[in-house]
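Asker: Order-wise, the sequence lines are chains X and H.
If you use this note's numbering, the first sequence corresponds to residues 1 to 288, in order.
If you use this note's numbering, the second sequence corresponds to residues 1 to 288, in order.
Don't read these hints as lab results, they were simulated from the structure.
Given the structure is predicted, the values throughout are model-derived calculations rather than measurements.
Honestly, I wouldn't trust all of these hints.
Unchecked claim - Keeping only pairs whose Cα atoms sit at most 25 Å apart, straight-line, the calculated SDA-like set for lysine to any residue is:
1. K110(X) - K258(H)
2. K19(X) - F165(H)
3. K19(H) - P103(X)
4. K258(H) - F165(X)
5. K19(H) - D49(X)
6. K8(X) - N162(H)
7. K110(H) - D150(X)
8. K110(H) - F56(X)
9. K22(X) - K22(H)
10. K258(X) - N190(H)
11. K110(X) - P59(H)
12. K15(H) - K258(X)
13. K22(X) - K19(H)
14. K19(X) - S120(H)
15. K19(X) - D167(H)
Number of protein chains: 2
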Amino acid sequence: MIQIHTAKDIQNVTKNYRKEGKTIGFVPTMGFLHEGHMSLVEKARKDNDIVVMSIFVNPMQFGPGEDYEAYPRDIERDRQLAADGGVDILFTPEPEEMYGQEPTVTASVKKRTDVLCGRSREGHFDGVATVLTKLFNLTFPTRVYFGMKDAQQVAVVDGLINDFFMDIELIPVETKREEDGLAKSSRNVNLRAEERQKAAALYQALQRGAELIRDGERDAEAVKREVRSILEKTSGVIDYADIYSYPDLEIREPLTGKIIIAVAVQFSKARLIDNIIVDIPADQKEDL
Amino acid sequence: MIQIHTAKDIQNVTKNYRKEGKTIGFVPTMGFLHEGHMSLVEKARKDNDIVVMSIFVNPMQFGPGEDYEAYPRDIERDRQLAADGGVDILFTPEPEEMYGQEPTVTASVKKRTDVLCGRSREGHFDGVATVLTKLFNLTFPTRVYFGMKDAQQVAVVDGLINDFFMDIELIPVETKREEDGLAKSSRNVNLRAEERQKAAALYQALQRGAELIRDGERDAEAVKREVRSILEKTSGVIDYADIYSYPDLEIREPLTGKIIIAVAVQFSKARLIDNIIVDIPADQKEDL
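Go ahead and model the full structure; you've got the sequences and the hints to work with.
Answerer: Next up, the structure:
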């Protein structure tokens, strides 16, 4: 594995691979790698000749009151994990490399952002879309890999790639789960033992919601009520338990097409999110 | 010359040329071609294996009160000119092809827009940057060609390419002029005979301003006064006669580095713009 720090170098190296006809799988991260990230690398490894990973804590996607400085970093450990996982090129730029002077042009996300986690993070997705536009132009990816744990981010990246006609295939990768169904996350270690045990109810609630829809329920409110009643077993504070079309993230009443059930629960020292996607076939729209 | 209408087709064709190692020169236009456009084609023809021209009247860069519907179109004549000029691929998409549904992501221009023509056209450059991002991703240009007549547009494209790390070389092409110095423009035909004669004063004013700076004048206000006094000979209404750093378009006092003098004059049925760029060498900053 080689490690690259400058925009110019990464662009030269990746451009040459593409000229040679090689495919590039790109995994953008903010580092502090866990099994979720490594499952993206594993998939990218299978699909492509070259795997590029970026580790960049992007200042532009943190709001004024947010934890940019406190965001966990451990580049030595990350480098080892990336190398072991089969990453060929690790791109670790400094903020000044990615944002030279005050920007003239940024990406602006107009939809899919005023719901779920985006509702409380104004400007967050502009930062995500801007840094990804830069990173995509620097790494010439054939395919890019994102975890479905952050389904809203995947929806925004889908919009970015489609609206800008980027010649890139978006590969959403299924959420990795513990044996009891809890989505893997760096934040799980911040759960108290009792909270950890009850946290499995997040995924149970999502599964129950999906089951209701598959059984013919088309009233989003009815599904949400059931999801919430199971979430209450976590004893955490429910931040949201919502249902939208996916990836448009719009209210769909009655429920039709591709639907996301997404939840966020605040525990004493960790806020967990999770989601499930249900595809309602066109021919069973109204009643089963 | 082949003509292409869909995003998918143009992307496939241009991508294949790049795969074969060919260079692509791209000339984006809104059509109604004149000698200015053809000088861009001529330059692109010299520098590249393949020349791609787009003709697309971009609705997003027209404001609510502006003349999107009335913008002149003559695709038959344009097609002939493009073919004669040596264009290999003419891309003529419909608006629905470029803007499918309501956009999720657009480009947003944060600087270089609140001066000169941008001051009175809110959102105009967001539209320009958005459509160019799309067109660049569809045509894989090695080089893109823009006329310096619209120097502010060139400054915005410079920001777009640099900030997004686009792997594209921006080639600004010098303004084509009539024998008396008047910048060539489709709008010149709307000048009355008397106005046409006096319109040469636009370029005379710019040349006199540049001469003052070259002779050591570093006070922008003094240069502007002289430029305005010559512009008054046109009998048109002076919209602006401004001096900024280039391409940042910021006030620089005293004048140093790369400087643009830009003017706009309203005649009875045409508004003409023109500009000149002066490079002040570092070693003669203050006094000669």
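Asker: For every hint, state whether the structure bears it out.
Answerer: How the hints compare with the structure:
Taking the CA atoms of K110(X) and K258(H), the gap is about 36 Å. The hint is violated against a cut of 25 Å. About 18 Å separates the Cα atoms of K19(X) and F165(H), which keeps this hinted pair within 25 Å; it holds. Among the hinted pairs, K19(H) with P103(X) is inconsistent with the structure: their alpha-carbon atoms are about 32 Å apart, more than 25 Å. For a cut-off of 25 Å, the pair hint linking K258(H) to F165(X) is broken: about 35 Å separates their Cα positions.
Under the criterion of a C-alpha separation no larger than 25 Å, the hint pairing K19(H) with D49(X) is consistent with the structure, at around 17 Å. Our distance criterion of 25 Å between C-alpha atoms is met by K8(X) and N162(H), whose separation comes to about 12 Å. A C-alpha spacing of about 28 Å is found between K110(H) and D150(X), which places the hinted pair above 25 Å, so the restraint is violated. Distance restraint check for K110(H) and F56(X): the Cα-Cα separation of roughly 23 Å lies within the 25 Å cut-off, and the hinted pair is therefore satisfied.
Between K22(X) and K22(H), the direct Cα distance comes to roughly 18 Å. Compliance with the 25 Å bound is thereby established for this hinted pair. Restraint check: the Cα-Cα separation between K258(X) and N190(H) comes to about 55 Å, which exceeds 25 Å; the hinted pair is violated. Between K110(X) and P59(H) the alpha-carbon distance is near 17 Å, which keeps this suggested pair within the 25 Å criterion. Between K15(H) and K258(X) the alpha-carbon distance is near 32 Å, which puts this suggested pair outside the 25 Å criterion.
Straight-line distance between C-alpha atoms of K22(X) and K19(H) comes to about 11 Å, which keeps the hinted pair within the 25 Å bound. Between the alpha carbons of K19(X) and S120(H) the distance comes to roughly 44 Å, so the proposed pair goes past 25 Å and is violated. For the hint linking K19(X) to D167(H), the alpha-carbon distance of about 14 Å falls within 25 Å, and the restraint holds.
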